[in-house]
Amino acid sequence: MSGADLGLVAVAVLLGVPAGTALLLVLVSGYRLGARLNVGAALLCLLAAAALFQARPEANLYLRVDDFNIYLIALNNWVSFTTSVFSAGYIAHELETGRLTPVYLRFYHAMYQALLFAMNLALLANNIGLLWVAIELATLITVLMVGLYRTHAALEAAWKYFILGSLGIALALFGTILVYLAAQPVIGQGLPAMAWDRLLARADAFDPALLNLAFVFLLLGYGTKAGLVPLHAWLPDAHAEGPTPISAVLSGLLLNVALYAVLRFKMLMSANPSALAPGPLMVILGLLSLLFAGLMLYRRGDIKRLFAYSSIEHMGIITFAFGMGGPLANFAGLLHMTLHSLTKSAIFFTVGHISQVKGTQRISTIRGLTVTHPTLGWGLVAGVIAIAGMPPFGVFMSEFLVVSSTFARQPLLALPLVVGLLLAFGTLLWRLHGMAFGQPDGTAVVPVRASTLPTVVHLLLVLVAGFWLPEPLVAWFRHVAVLLG
Amino acid sequence: MHGLAFDIAHFLAGGMVVASFLLLYQDRLYALINVFALHSLVLALAVGWQAAIQGAHHLYITAGIALVFKAIVIPVALHRIVRRLGIHRTLEAVGGVGRDMLAGTGLVALAILVMLPVTATADALAREDLAFALAVVLLGLLLMVTRRNAVSLVIGFMSLENGLVLAAAGARGMPLAVEISVAFSVLIALIVIGIFLFRIRERFDSVDMQAMDTFREERRR
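Line order of the protein sequences matches chains P and C.
If you're matching positions, the first sequence starts at 1 in this note's numbering and goes up one per residue.
If you're matching positions, the second sequence starts at 1001 in this note's numbering and goes up one per residue.
Next up, chain C with everything else stripped away, as it sits in the complex (with noise of 0.2 Å):
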């Protein structure tokens, strides 16, 4: 009923999803941010192919920022600033990996009871869409809450700011302002933590955010 264009477009968003899951088991650093590499490689490809059969070129740029930016100098840097710190040692996923699995599932089929109603007017590949971005987000957003690691962190915000370009491709014409200033907002967003993360190993030896937490008032007095 559809074409192949919808199914390859839907076979892109729903492979970000996949990659959201396959971050959310990673143990050790260097593999995280590896799978972070493919998670905005796919981004580049299902943008790229949403600005094909859209029509609308300026996408073609989204899709490049995410394929050099997010696929490749992201990911180096990551790799610099994590042998820089001597942190590649295994992480330690809160709970375990099945409790993480059990939720990510639980939280896509939020976001596909969320928003495939809601959206019922809306044109096929558009709902799809961004059923699959909030999913992406949703996925993002646990990561952010299971991992205590700095550098775990921000790979989570960085997935979840992958669905958010999935949802702002593929929502027809909307204007590049938005999706450049995604794409930069990385980038500041990088040299922030880049900023942060070398003052905290010079403060404490450590990028685990559990010591940071001892710092607070409360244990202070």
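Chain P with its partners taken away, still in its complex shape (with noise of 0.2 Å):
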């Protein structure tokens, strides 16, 4: 087979997997076979992503894979198999406990692999009409799994996002329309002008005026998406509402793919000279949203909440440093977004299990863990240290990138940032004091059964990262910070 075929089969598997397996799974009844047709699917996409790697396929009108988002498939695709493997003993639980029946399950792992096509084909697309698709798709789905419990909270969190993701959404497409018809002139009618590969190479041509206009709507459509704020609101209660392997990928992922296609659309900006700049509005929007979530943190009650709040925290960092721009912070940028979606996934399933063995959510009854579940308790110390950004872990490094990066350039930026840091830092250690330290609550203690392998394979690769990363991946990371501008 030569190494084009090889591209596009691996796309073809990337995308018909998941549309398939999707469908079969509604068909599947029994629990078991569902998860493990999850997990076998997930883990076919992983190996088409790493496929990817050997051969990359012609781009064309519709998709298109290039250095910015191979990597980034190919990190959906790594978390998506872990986290399938770490719901499969999750959904057990929930079965067991009858939070869920059979049919719900059903239901949840065929949209669970729809979720993973929506997030591949938004990674994938060439097209900006077709990028909205996805990204909408994945709204819609996530919507549906976030409601899943039919409590009271999780059907207000599920309208929330729903009213607000969809307001996003149709910002976002208004933007798109835009960008067409500044391109629309340049390129001609049709398909052309909406692949983003054409439009890169005809950007400095375009009207400067519409192009700024549509970034505007763009960055506040696909960054209620990505949980900025002011446009966040509808992101802690989905989070701590919806199942937990869902607030995995949600945190892990779906933020990420949003501010990927912000990136997408920052670097046509770029591209045109008389342009706006896109890094202001992005520095502002960043910090608002670090600042806001460092101060929001401090008062929450549920555990899932905290932790919604701090990737609303860690995203506002990534705008920021993607906002400053240059080599070196959109390096930081990068490294943060992987390293952030390791630990933020690693995070939420320990608490899922947390919130299994102790049937409450609340962080006032969860008291003493290293005690009770050594496994659970520490890995929920490491988690928290990894994601407050102390060393040795990955996080460290990439948070302290940003710093300097903007001491250098910007001294006055980052006092707010690093009060922002500060903040969310000890609130979270203060936190975790309580849950991982105090005194147990003498209930009697139900051990856990079910695999804690991907907790640990994420904590490791992101305590690795903070003492070496590999050369390639370093190389990647330079090469797309230049790409990025």
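None of these hints come from the bench; they were simulated from the model.
Using N, Cα and C, we set each Cβ at its ideal position, and we do this for glycine too.
Some hints here could point you the wrong way.
[Unchecked claim] Using C-beta positions, here's what the derived DEER-type ranges look like:
1. F1006(C) / P280(P): 33 to 43 Å
2. G1106(C) / P280(P): 56 to 66 Å
3. A201(P) / V1068(C): 34 to 44 Å
4. D5(P) / A1031(C): 57 to 67 Å
[Said to hold, decoys possible] According to the in silico footprint, chain P covers these stretches of chain C (three or more CB under 8 Å from chain P):
5. 1070 to 1076
6. 1152 to 1162
Given two chains presented individually in distinct reference frames, assemble the corresponding complex, making use of the accompanying hints.
Quick look at the structure:
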């Protein structure tokens, strides 16, 4: 098989397998078989993503694999694979406790694959219309998943997410139409004027005023999906009330996908010399998110909500880094994006097990985990230390890079950045202290039976990243950091 | 200076803005749904007219979807939902009609002020269509923020999507994929919403969103 063929097969697997499995899973009634199929399909996608490194298919008007998205596709399929492993154990427990019925599980597994399909499609899309369709699809699927438990709170969360998500999606579509309008006089009518690579090649000739307006809509639209303040209101509720595997996928992947869309358009803006510089807008939104989330972390009573706000904080840091631009800040942004995905999904895996053994998500009733459940307790400790940005974990490195590159160029901006980071750092550790080391409340200890392997693997990866990054990865980060401008 | 074709396109797009204003002050659900049907009907005419003058035959499909689906099927379905739920009572517009109208006027002015200078190089038809489309989108947003009832939120959202379809139709040669997906998203939206409405009914005996707000974390502790 020649190289290009292998690439085509890989892309076909990345899109076809999740879509096909989603349909198949609707018909599968046994939950064990469903969970296994779910894991199997995710594994196939992971292998296909790895195959893309061997051979990339030719870009066409719809799909494209380039230097920017290839690693994100790999990351996406890696985290969805580990999450599917975690989900298999998690879901079995939910079934036993009667929170979910077999019918809902069937639905859940089908939706999980459909979500994987939508995210892969968004990452692979070359056409800005297709990108929009994929993100819209992902939004609708996650709305259904968030409302899965059908409790008051879950319905409210899903409804809020639906309304805000649709608003964001609508704004993004308007922005997409404006980009097409800007491109149409230069490229001509029809599909080529929506293909991202053609747009980038001719972006210097576009009407800058139209592009500016388009970018504002796109930033607000996709920014809503990325959970940027002030459009973040859906995020904590959706994370807290949905099934935990979905919280992990939302935080670890979907936010990245939305941010990826923003970055694609930022590249278009940078290619046009007379257009507005997109950086300052992103810096402002990023800082706002960071500071706001840092303050909001303080009074959270619900463990999943706590980490949802932490996701807003980290999305803020990443947006800030990309807004600053330049090779170093972009490098830091990409690294932070990757490490945040790995760490946050690991934390949600642990939190999922904790809320199952404790039967609650309330922080005040979770005490002394390192005594009662050493694996979970120390897993949480490691995860929180990593996400708070303490050495030796990799997140420390990426945050340090963001701060130092900001100090070098805009010392005044570094001040609020550091304040935000310290706020979040302090609150997270203070919360952790009670949960991990406080006095156990003496209720009967329920043993954990699910596999903690996904958590361990993720945290090890983040730990290793703190000491050593493989050479190809660094080369890729450098290369893409230059591309991002 | 422009022909009759331009005037008719202008008239129809302007008609959508007027229909959006009509939506703003309807205080009964049935009336709101009926005006939404009118909104979609005008959209179908506007898109159909664009198809005729641009010679873009695929836009007829978009117009057909708007006519059949948004002007007939969805309003009928919403009527049924409202009847089934027994919520055909008066709506509460937050703040009152006068304030909403003033805000709406301001938004239309904003849309025109933003769009016209920006699109100076585009052809006159696309410019005006886009300005009106943005006005419809903003009015849809206004409707969504001023209403509390789930059904009127949904109608606000769909009127907003109508504005997007108008914008897409006004952009010459915009590929069909996007338009169909817009129509398709409305379909999915309705399914989602339908499920939600019934679940909400099941649980709370109310579709008033304010009732749901009491389940926020802050008040649960």
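Do the hints match the structure? See the list:
Restraint check, F1006(C) to P280(P): a C-beta distance of roughly 39 Å satisfies the suggested window 33 to 43 Å. Distance hint for G1106(C) and P280(P): a CB-CB separation of about 27 Å, inconsistent with the stated range 56 to 66 Å. For A201(P) paired with V1068(C), a C-beta distance near 40 Å keeps the hint of 34 to 44 Å intact. At roughly 60 Å, the beta-carbon separation of D5(P) and A1031(C) lies within the given 57 to 67 Å, and the hint holds.
Remark: the region 1070 to 1076 of chain C is not confirmed as covered by chain P, as 0 of its residues place a Cβ nearer than 8 Å to a Cβ of that chain, below the required three. Three residues within the 8 Å Cβ limit are the bar, and the region 1152 to 1162 of chain C against chain P gives 4, so the coverage statement holds.
Going through the hint list in order, the structure does not satisfy hints 2, 5.
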